[in-house]
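Protein chains in written order, with my numbering: chain U, 8 to 407; chain G, 1374 to 1640.
There may be inaccurate statements among the hints.
[Unchecked claim] No farther apart than 30 Å at their CA atoms in a straight line, the calculated lysine-lysine pairs in the DSS-like style are these: (1) K165(U) <-> K179(U); (2) K1408(G) <-> K292(U); (3) K136(U) <-> K165(U); (4) K292(U) <-> K179(U); (5) K354(U) <-> K165(U); (6) K1572(G) <-> K179(U); (7) K275(U) <-> K344(U); (8) K275(U) <-> K44(U); (9) K179(U) <-> K1494(G).
[Said to hold, decoys possible] Over the 10 Å line for every Cβ pair with chain G, so calculated as not near, a few chain U residues: (10) E9; (11) H73; (12) E118; (13) L223; (14) R271; (15) L388.
[Unchecked claim] Just some of the chain U residues that point at chain G, by a computed CB distance under 10 Å: (16) M142; (17) E301; (18) E323.
FYI, nobody ran anything at the bench for these hints, they're computed from the structure.
Backbone N, C-alpha and C define an ideal beta-carbon position, used for all residues, glycine too.
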Amino acid sequence: MELWNHCENPYPFVPAEVLDEAESVRASLPNRYCDPKIAARLYDEIFDEYRLCDDLGINIVTNEHHSGINNLWAASPVITGVVARLTRKVRILSLGTLVTVRPDPVRVAEEYATIDVLSKGRLEIGFVKSGATEMVSGDANPMRIREREWEAIDLIEKSLTTQDGPFSWEGKFFTHPHVNIWPRPYQEPRPEFWAATSDLPTCAELGRRNIVNTLLFGGYDRTRQAFGSYKEARAAAGMPAPGEDRFSYMAFAYVGDTDEEGLRIGQKIAWFLTVSIKSAPQFAKFQPGNVVPEMAPQAWRAGVSRRPRPTNLDAEVLIGQGQMFAGNPDTVVRQLKEFRRRVGGIKHIIMMTRQGLVTHAEAEASFTRTARDVLPQLQGLPPIDDDEAAWEARRAAAAK
Amino acid sequence: MSGRLQVGPLELEALRRGSGRPILLIHGVDPVNPKAPFLEALARHGEIVAPSHPGFGASPRPDDFDTMYDLVRLYLDVLDALPGKAAVVGFSFGGWIAAELAVAGHPKLDRLVLVDPVGIKLGGRDERDIAHFFNTSPAELERRAWHDPAARPEGVYGLGWQNAIDERMSDADMVRLARNWDALCLYAWRPHMFNPQLKHWLRRIAVPTLLLWGGSDGIVTPAYGERYSALIPGARFATIDRAGHHPELEQPDVFVEHVARFLGSGA
Chain U
8 MELWNHCENP YPFVPAEVLD EAESVRASLP NRYCDPKIAA RLYDEIFDEY RLCDDLGINI
68 VTNEHHSGIN NLWAASPVIT GVVARLTRKV RILSLGTLVT VRPDPVRVAE EYATIDVLSK
128 GRLEIGFVKS GATEMVSGDA NPMRIREREW EAIDLIEKSL TTQDGPFSWE GKFFTHPHVN
188 IWPRPYQEPR PEFWAATSDL PTCAELGRRN IVNTLLFGGY DRTRQAFGSY KEARAAAGMP
248 APGEDRFSYM AFAYVGDTDE EGLRIGQKIA WFLTVSIKSA PQFAKFQPGN VVPEMAPQAW
308 RAGVSRRPRP TNLDAEVLIG QGQMFAGNPD TVVRQLKEFR RRVGGIKHII MMTRQGLVTH
368 AEAEASFTRT ARDVLPQLQG LPPIDDDEAA WEARRAAAAK
Chain G
1374 MSGRLQVGPL ELEALRRGSG RPILLIHGVD PVNPKAPFLE ALARHGEIVA PSHPGFGASP
1434 RPDDFDTMYD LVRLYLDVLD ALPGKAAVVG FSFGGWIAAE LAVAGHPKLD RLVLVDPVGI
1494 KLGGRDERDI AHFFNTSPAE LERRAWHDPA ARPEGVYGLG WQNAIDERMS DADMVRLARN
1554 WDALCLYAWR PHMFNPQLKH WLRRIAVPTL LLWGGSDGIV TPAYGERYSA LIPGARFATI
1614 DRAGHHPELE QPDVFVEHVA RFLGSGA
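The shape of chain G in the complex, shown without the other chains:
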């Protein structure tokens, strides 16, 4: 189920499920969890390939690999390595990577799904578009990131993961969470979770694009999502009710329905 993916000199941890056309998942705060409730259903629509970014999970991070620039080049390499045309699905921070990737363009990238992505600055200079991942209290992060924190799937974390720490959590899970948090910070502390230039270049995205947004997302609001969507030529925008920043975890069936319909459409 989990395996490795050789990308240039890097051997990444990568989760694989299903078969058929590649569906490349670009993860957000944490690598795609093998227990994530959307995986089985999504795997009926293609072969899921979900690498862990360098520094996350069990993927190594070379010393000088520490910017969004590196991540985008890495995922261009990943697309090179896939057997055919691929749909790219990016979540949160991974949605930012996916948007950058689509702006850069790759002949194998033919569908793009952005799920509550960060990555651009839209509001005024004294407005915060994206809740601060690192400086916000765990309780507040959890409140903003989840429609119903109590319904968080067991063993799957997302933003506000600190509040899930209890006596039952394994040391291995804690070490992974710490690695993920460190790596995310390295890549995205400043400017916090956006590239000031990206907004101007979203017009270059030339593949059918769907933006999915948790209706209750308080990390990046649906209003931000609608404006994000409007900057991408022809992009569709849809919200998922009763979900926050991680609709794939809170409403996995609805999430997969949306993605499957989009992948199956002639758009």
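The following block holds chain U by itself, in its conformation from the complex:
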């Protein structure tokens, strides 16, 4: 298995009374609450964490969100470009810039090709559909974003792989009469594509296109179902079964010296769910396109009771749901192996560790333990449908 470090660069420094009063902590919270001096310190700390991960062999994920306390990576290609020069060895995944918000996918392709060249072929390109407050902060029509995303992906792919351009594109959502990016990507034919989704028809399409499917906090059952959809679509199309390298999962993670420490610090990550996703109804359940109209009664009635936001998402509960991996190194190894078994095989685990109220020192300690005591135990795992003990015995016998 491979491990990835994903930090959203959150900004948990706005006074609680301001957040309680605000209709949303994204899109409409005035930026006077963001102190650029604190932001500068956060960038320094997190880039240092990325350098440490480069030394440790933990890959790096960047993303972007806008106008909110949850994320200060306002432009994934910019941040990824910085990471490309700060690091030397590890893979770098941009997951991703918001192609449903950005007006010209050709520019996105060009930015990614540039990063691929300056990282000498270490870039992986991730796509996200986006939605909700991002449509507001990016003034992007929230209707038909899935169709827009697919057209953007197609145009980006053609931009990255065409070497005898210029070519012309006159699509439904994007037009560009003269596409010819310089530089072209370092990797041939292009960097690996990833996409984040748990939508089953979309997972099926990812399968047909051989794009790495990552889920975010989907838990055991939804993840297995999503990967199943991916596999079935390939089988139905007469394509070879996908390897575990086609599957990825993002969850909260904290590796402590002890289980107690893992849980205690892991608990600080839950801020992400309890505070940083507070949003106003017009940016969420009442946003056009949020659900298909037939599902609106269910989605809207759920709000009638006006339940308070969750405030005590317990780390052990999250672990039980497969949404957090936390404990001492051996415990986390057990959790990850169990997750791999229950979802039917997976290669990439994206750890969200520097999240919420977790400090720089705590994050670096977790990464160091991860590299020393977790990652080695996740190498050379038996095939997913094999019995682990029998496989180990066979491997030991073969080694003699």
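Could you slot chain G onto chain U? The hints should help.
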């Protein structure tokens, strides 16, 4: 009462009432509701034809039908299909469609009534002329759209409809509201509720025109309405007191009086 209207390849949901000269109603946020309190009185002055735009109510929307350009051509088709000269009454977003339609011109369009229309940009680039329909909180939308939200007719929604959701609302009403909201967004998210070119062409409107404005409208203010009116040759402007963005729902009698007087006048 409700029926279908064949327009080219599209079969639209359409409400009809009364008889006589056609009065084409072009709806705003939601299709004209059969329970709307102005319908009976207005139907005494002609035959009301009120289609639901593609994507709204029970009207289908073909995949590539998604712009104001499409809606204007569709309503030119609708005018073709009417039996004689018609008055066109457009509400809010539908007022924008109606203004575009009148700029395009059609031999059967002979009177135009715009009721709190959106559709043009008047203020400076950092001034908002039209409250954002989608990014504004439901409570704020309701406050701006209604003179007295508590007097909203039962089962009739308008802007701020989200605040009307309660345990009594049927699933069918919710599905319709969701379809309407999605379709409105598709047509009008960006630029939000206006066509930057329309302002220059309002001078081409060549039929008698009345602009009616809710005196308490906080979605598009009466001051915007007066400036809108001044761009249309010979247009009359009138406000309706104790009404917001939907004067036809808040003051149905006064609304119908204004429209009837205008339709009956020799203007």
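Comparing the hints with the structure gives:
no.	hint	result
1	K165(U) <-> K179(U)	holds (16 Å)
2	K1408(G) <-> K292(U)	holds (27 Å)
3	K136(U) <-> K165(U)	holds (19 Å)
4	K292(U) <-> K179(U)	holds (27 Å)
5	K354(U) <-> K165(U)	holds (27 Å)
6	K1572(G) <-> K179(U)	holds (27 Å)
7	K275(U) <-> K344(U)	holds (24 Å)
8	K275(U) <-> K44(U)	holds (23 Å)
9	K179(U) <-> K1494(G)	holds (27 Å)
10	E9	holds (40 Å)
11	H73	holds (14 Å)
12	E118	holds (23 Å)
13	L223	holds (25 Å)
14	R271	holds (38 Å)
15	L388	holds (46 Å)
16	M142	holds (9 Å)
17	E301	holds (6 Å)
18	E323	violated (36 Å)
Going down the numbered hints, you'll see the structure goes against just number 18.
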